[in-house]
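*Asks:* Sequence:
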Amino acid sequence: MSAPAAPPATLAFLGTADSKGVPRFWCACPVCQEARQGGVNRRTRTSLLLRGVGESGREEAVLLDASQDLHGQLAPLGPLVPDAALLSHAHNDHILGLADLLDYLTYAKGALPLYAPEPVIPDLERRFHYAFRRQAPVQPVPAQGVPAAGFRVRTFEVPHGANGVSHAFRLDRPGWAGVVMTDALDVPDNVAQMWLTGLDLLVLGTSFTDESAQPRTGRSVYDVQEALAVPWARAARRVVLTHLSHGVDIRSLSLPAHWQAARDGLTIPL
936 MSAPAAPPAT LAFLGTADSK GVPRFWCACP VCQEARQGGV NRRTRTSLLL RGVGESGREE
996 AVLLDASQDL HGQLAPLGPL VPDAALLSHA HNDHILGLAD LLDYLTYAKG ALPLYAPEPV
1056 IPDLERRFHY AFRRQAPVQP VPAQGVPAAG FRVRTFEVPH GANGVSHAFR LDRPGWAGVV
1116 MTDALDVPDN VAQMWLTGLD LLVLGTSFTD ESAQPRTGRS VYDVQEALAV PWARAARRVV
1176 LTHLSHGVDI RSLSLPAHWQ AARDGLTIPL
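Going by this note's numbering, the first residue of the sequence shown is number 936, and it counts up by one from there.
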């Protein structure tokens, strides 16, 4: 009798909002009002869950970023303890869920490898100093990457516009490559050539539909119209837009056939 087939690898979008969430608590725009009624534009902050069969032969679940909404994102799925978590940069909407993961380590006495790009770790230590008093709970992402759910996950630095720099995740397995890049603007050609070519999947942050009227010096993330024009995005076999503010109404967003807007709870096969 043949062994059962391994479950397909998946990427779940636990949260798909920008830093302020949708609805904005102060806003009465049509998108926020629709979101308040439980519509498709209801979005929590950015966290993703990569699932697949790891090197050990068992199924693994690996977090990519951990927003302040992480408890509400994970609790309905469980009990579920991630096998590892990787953080992209030290902005609140990507790291405040680290407090929940650190509580698991402290109070449940569990094991959970935590990783971040080396330049990000001092910011994490300042933010969560209580957890670093004895030993650092977060390790630098090694140059060769982290084996995770059947993929090799590496991080690379990208410009974050007015917000400095961020990092993106590169996911590789034999014959397949993907990038999760939620917070970036004006990625240089040399970075795109090294990391953003030959992609089977691109997850790209586009906080607004069109920000062309805004001063570029104050911006930090691509908008949808820019994403549609970027050569490396057009070349990807599949594109999923995320990190969406109340400036993106996915009910009326027009995209090419192999593009889509993410929503909380969306799970795609890899």
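The set of hints was computed from the structure by calculation and includes no laboratory data. Possibly wrong hints are sitting among the right ones.
[Claimed, not checked] Below, simulated SDA-like cross-link-like pairs (lysine to any residue); rule was C-alpha separation at most 20 Å, straight line: (1) K1044 x G1080; (2) K1044 x A1078; (3) K955 x V1122; (4) K955 x G1099.
[Said to hold, decoys possible] Here are the in silico distance ranges between beta carbons for each label pair: (5) S991 x L1201: 24 to 34 Å; (6) R959 x D1145: 12 to 22 Å; (7) Q972 x D1107: 39 to 49 Å; (8) E994 x A1148: 43 to 53 Å; (9) G992 x P1014: 33 to 43 Å; (10) A1170 x G992: 28 to 38 Å; (11) G992 x T1144: 14 to 24 Å; (12) V988 x R1151: 36 to 46 Å; (13) G992 x I1203: 17 to 27 Å; (14) P1204 x R1068: 34 to 44 Å; (15) G992 x R1061: 36 to 46 Å; (16) D1121 x Q1074: 44 to 54 Å; (17) A1164 x L1201: 33 to 43 Å.
Note that the Cβ used here is the ideal one computed from N, Cα and C, for glycine as well.
*Asks:* Decide, hint by hint, whether the structure agrees.
*Replies:* Hint check:
The hinted pair formed by K1044 and G1080 fails the criterion: a straight-line CA distance of about 26 Å is larger than 20 Å. Between the alpha carbons of K1044 and A1078 the distance comes to roughly 29 Å, so the proposed pair goes past 20 Å and is violated. At roughly 24 Å between alpha-carbon atoms, K955 and V1122 are farther apart than 20 Å, so this suggested pair is violated. Straight-line distance between C-alpha atoms of K955 and G1099 comes to about 18 Å, which keeps the hinted pair within the 20 Å bound.
About 27 Å separates the C-beta atoms of S991 and L1201, a value consistent with the hinted range of 24 to 34 Å. The given range of 12 to 22 Å is respected by R959 and D1145, whose C-beta atoms sit roughly 19 Å from each other. About 41 Å separates the C-beta atoms of Q972 and D1107, a value consistent with the hinted range of 39 to 49 Å. Separation of E994 from A1148 is about 47 Å and conforms to the stated range, judged on CB atoms against 43 to 53 Å.
For the pair G992 and P1014, the supplied restraint of 33 to 43 Å is violated, since their beta-carbon distance comes to about 22 Å. Under the hint 28 to 38 Å, the C-beta atoms of A1170 and G992, about 34 Å apart, fit the expected range. Range check, G992 to T1144: Cβ separation about 44 Å, and the 14 to 24 Å hint is violated. Range check, V988 to R1151: about 43 Å between beta-carbon atoms, so the 36 to 46 Å window is met.
Against the hinted window of 17 to 27 Å, the Cβ-Cβ separation of G992 and I1203 comes to about 23 Å, which satisfies the hint. Look at P1204 against R1068: about 42 Å separates their beta carbons, and that is inside 34 to 44 Å. Between G992 and R1061 the beta carbons are some 39 Å apart, a value that agrees with the proposed interval 36 to 46 Å. Checked against the hint of 44 to 54 Å, the pair D1121 and Q1074 fails, with Cβ atoms roughly 30 Å apart.
Roughly 24 Å separates the CB atoms of A1164 and L1201, a value that falls outside the hinted 33 to 43 Å.
Checked against the numbered hints listed earlier, the structure breaks hints 1, 2, 3, 9, 11, 16 and 17; every other hint is satisfied.
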